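Assemble chain R onto chain L, guided by the hints.
Below are the chains, spelled out letter by letter.
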Amino acid sequence: MNLWMIFKVALRAISRNKTRSLLTALGIIVGIAAVIAVVAIGQGAQTMMMSQINSMGNNLIMVFPGSQNPGGVRGGSGSGQNLTAEDGESIARDLQHLVRAVTPVIRSGAQAIYQENNWSTQVQGVSIDFPEVRNWEMASGAFFTAADQRAGSRVCIIGQTVSDNLFPGDDPTGKSLRIRNMPFRVLGVMVRKGSNSMGSDQDDTIIAPYTTVRRVLQNSIFNNVNMLLVSLYSLDDIPVAKVEIGKLLRQRHKLGNNADDDFSTIDMTEITNTIGSITKLMTILLTTVASISLLVGGIGIMNIMLVSVTERTREIGLRMAVGAAPSDILLQFITEAMALSTVGGLIGVVIGIVGARTVGNIQQWPILITESSVVVAFLFSAAIGVFFGFYPALRASRLNPIDCLRYE
Amino acid sequence: MLINIQNLFKVYHMGDTSVNALDGVTLTIAAGEFIAIMGASGSGKSTLLNILGCLDTPSAGSYRLDDIEVSGMSRSQRARIRNQKLGFVFQNFNLLSRTNALENVELPTYYDGRISGKQRKKRASDLLERVGLGSRLDHTPAQLSGGQQQRVAIARALMNNPPVILADEPTGNLDSHSSTEIMALFTQLNSEGITIVMVTHEEDIANFAKRRIVMRDGLIVSGPESAGKETAR
Chain L
66 MNLWMIFKVA LRAISRNKTR SLLTALGIIV GIAAVIAVVA IGQGAQTMMM SQINSMGNNL
126 IMVFPGSQNP GGVRGGSGSG QNLTAEDGES IARDLQHLVR AVTPVIRSGA QAIYQENNWS
186 TQVQGVSIDF PEVRNWEMAS GAFFTAADQR AGSRVCIIGQ TVSDNLFPGD DPTGKSLRIR
246 NMPFRVLGVM VRKGSNSMGS DQDDTIIAPY TTVRRVLQNS IFNNVNMLLV SLYSLDDIPV
306 AKVEIGKLLR QRHKLGNNAD DDFSTIDMTE ITNTIGSITK LMTILLTTVA SISLLVGGIG
366 IMNIMLVSVT ERTREIGLRM AVGAAPSDIL LQFITEAMAL STVGGLIGVV IGIVGARTVG
426 NIQQWPILIT ESSVVVAFLF SAAIGVFFGF YPALRASRLN PIDCLRYE
Chain R
326 MLINIQNLFK VYHMGDTSVN ALDGVTLTIA AGEFIAIMGA SGSGKSTLLN ILGCLDTPSA
386 GSYRLDDIEV SGMSRSQRAR IRNQKLGFVF QNFNLLSRTN ALENVELPTY YDGRISGKQR
446 KKRASDLLER VGLGSRLDHT PAQLSGGQQQ RVAIARALMN NPPVILADEP TGNLDSHSST
506 EIMALFTQLN SEGITIVMVT HEEDIANFAK RRIVMRDGLI VSGPESAGKE TAR
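Line by line, the protein sequences are chains L and R. So the working numbering is basically just the index in the first sequence, starting at one, shifted up by 65. So the working numbering is basically just the index in the second sequence, starting at one, shifted up by 325.
Mixed in with the good hints there might be a few duds.
[Said to hold, decoys possible] Straight-line Cα separation of at most 30 Å, DSS-like style, residue types lysine-lysine; simulated pairs: (1) R:535 with L:73; (2) R:443 with L:73; (3) R:410 with L:73.
[Claimed, not checked] Sample of chain L residues facing chain R (criterion: CB under 8 Å; computed from the structure): (4) 181; (5) 211; (6) 311; (7) 383; (8) 385; (9) 386; (10) 391; (11) 392; (12) 466; (13) 467; (14) 470.
Quick caveat, the hints were computed from the structure, so don't treat them as lab data. Small disclaimer: the values here were computed from a predicted structure and weren't measured. Idealized CB from N, CA, C, for every residue including glycine.
For reference, chain R alone in the conformation it holds in the complex:
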């Protein structure tokens, strides 16, 4: 299993009361899956995605990514995992303003000493070509439309060739036309073998995924076990 989560808890303390954002979640995801995590706001889906992304740590439970136990790692170790194994796509794109598309895409390699300057440029421009922005390498985010910005963000997520891409409401700020384009891109990447875990509350966006998980009150209420070859569509 690429991702194996056992009995995961996340507890937030607010004064005297404590809230279980995750209340014992168990979930396995195989390589090559395309998963949509759904649920009402406050159901814990974003908390789960943040823990999957090593941006947050669980209060209790086990999280194995690629057979490595991640839950007890230090901040630096988690940074390394994020850099090497994970790609992020955010609702609000999170591109560096006043920095052109090419350099935005290059960003993950700055924290990975293995790649030379020339290779870096070549790979970043190839990726932008692949997401259909080959002619806009030197455009800054302000000069790009929302759909184009999200495509730059996807190219950035692919830069270090991670096995998993995590997307948090990737179409939340986009019109329906751009949304469809982005989802088509995700479907294509998935068909090339990249595992995609996406949080969304839109039914038609979730329909692009092969498997659907619904959460309520910190628990998975449907689809916890790996679907394997089954498809949700």
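Excised from the complex, chain L in its bound form:
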């Protein structure tokens, strides 16, 4: 009996008991649908997270000023005022084999006003390397120049959110907005970046030279910055670069061997790892649930195949009488179980995709359905059919033809 014939006979046997077949396949349908949906949502989430992390910049290390302990009283992290833009320049210069670019960041909250519109946002004072460090391009206009940075010019670049709120339906480039009653010329608008992995809107910002922010907005005589953003050539260099930056800064800050660091470094891999382990846990949990459903589904198939063998004892006897060998009967019933589980698997894949899309639409969650997950789910459902169909098929193939023909 060729395979196509066997398959046809199997499909016919299944379609004779449509309701029963559907109920039997339900376990497989639910299990496969769950696997497909979980994988689609999980991979979508991972992709989203990775793109958000990438949106923060290229292979970033963040350097924060650390605690100071004048007279034994230790301030918290960031309380120090000893991290300077010059530290950043030194990192860029001395570690140039690892470091692509460095920018200091000075943050200052401000109310920006343009004509009758006003908007409360954050002003970031940065260097000209900021676009490269943050991997952030201009939507229109141009970034400020080295000359602007040297002179501390009152120029700025705005994020899309600020642009939308201060200049609705208007091109901001060349316009003048006011921050604390001082006019700033808008040089351009950054492209939309969306929210970062902590959920804050990265487009709600005004970017200006750090010299300008320090001099004009903070009115500060100190040279300190809120953080240094260091961008590396390669993600793999992060551990080495952290050590090198540490050595360099300790040297520059003239710290003795026993002194605590007066700065701290954080890199993106730490955040990625934390988020990754949470996702992994969720995936394991849901996969376990799906596996149990598939196991129960497989047992359901075994059960119904045993019933089917009993019901069709006379048919088995007849097939044997006209020349079916035990192997023919074995193959026929395994194929039937496999057809049952793969049809269930197919329905499960469809429901899984539709379900994942629906969840994605409602939750505004990205969905990533990979071909490999569909193929694996499909093959797995076929394997379940073979595994759980084997025992009933073996029983059928071992029946005695005479007993079968006499069976009432």
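Frame of chain L; chain R shown alone:
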């Protein structure tokens, strides 16, 4: 000899007692014979037919079919013999329900890789034509009368062109008119050279056969040796 049985035993064990359903049967059947096996119920005639049909194995003794020793064969080998050398006709027809006449007739070729799909259909419809059901190819058994169902079963038995047809009470479930039709068909097939071995307990049905064997208590009590050209009629 087409069929040569020597000293065949079939023993059934039931608890402590054992019953000899066949108690040393010796029988030869030549090609082209038409044999009726008769006897009371429990005489062993069905057991003998099942062993002839390779559906059952003897406890002891030799069975040569077409000069091949069959008694020691594996299940798969016997399946092959049933497929190639034997055709079965049952009392209760044993057609696949919800499957049309054509596909029922095709069934033996599914287990014989030698025939293509097109040839298979052609041969099955030719055979149905031959048994007088050329217009009912797509009828399911439920849509056919008993006599028509038995004719489908006979066409199925002929599908792989076997030298021997084994019939177990082929008219047992039929009225006398259909019975006569079926026996006329058997007589015609026999005249075309097919050997027919039939179990029956009806005297007038046995009369269609050329040779008659009577069994009692697991033994053949009359007609064991081949009748050759003689006819019982």
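Is the straight-line distance between the alpha-carbon of residue 443 of chain R and that of residue 73 of chain L 30 Å or less?
-> holds (17 Å)
Close enough to count: is the Cβ of residue 470 of chain L nearer than 8 Å to one in chain R?
-> holds (7 Å)
Is the hint on residue 311 of chain L kept, meaning its closest Cβ partner in chain R is under 8 Å away?
-> Residue 311 of chain L check fails; min Cβ-Cβ to chain R is 76 Å, beyond 8 Å.
Do the numbers back the hint for residue 392 of chain L, that is, is its least Cβ distance to chain R under 8 Å?
-> holds (7 Å)
Have a go at the residue 385 of chain L hint: is there a Cβ in chain R nearer than 8 Å to its own Cβ?
-> holds (7 Å)
Residue 211 of chain L as chain R interface residue, shortest Cβ-Cβ below 8 Å = violated (81 Å)
Mind checking the CB of residue 466 of chain L against every CB in chain R and telling me if the closest is under 8 Å?
-> holds (5 Å)
Regarding the pair residue 535 of chain R and residue 73 of chain L, is the alpha-carbon distance no greater than 30 Å?
-> violated (43 Å)
Does the interface hint hold: is residue 383 of chain L within less than 8 Å of chain R, judged Cβ to Cβ?
-> holds (5 Å)
Does the alpha-carbon distance linking residue 410 of chain R and residue 73 of chain L stay inside the 30 Å limit?
-> holds (27 Å)
Residue 181 of chain L as chain R interface residue, shortest Cβ-Cβ below 8 Å | violated (81 Å)
Against chain R, is residue 467 of chain L within 8 Å by beta-carbon distance?
-> holds (5 Å)
The earlier numbered hints that this structure contradicts are 1, 4, 5 and 6.
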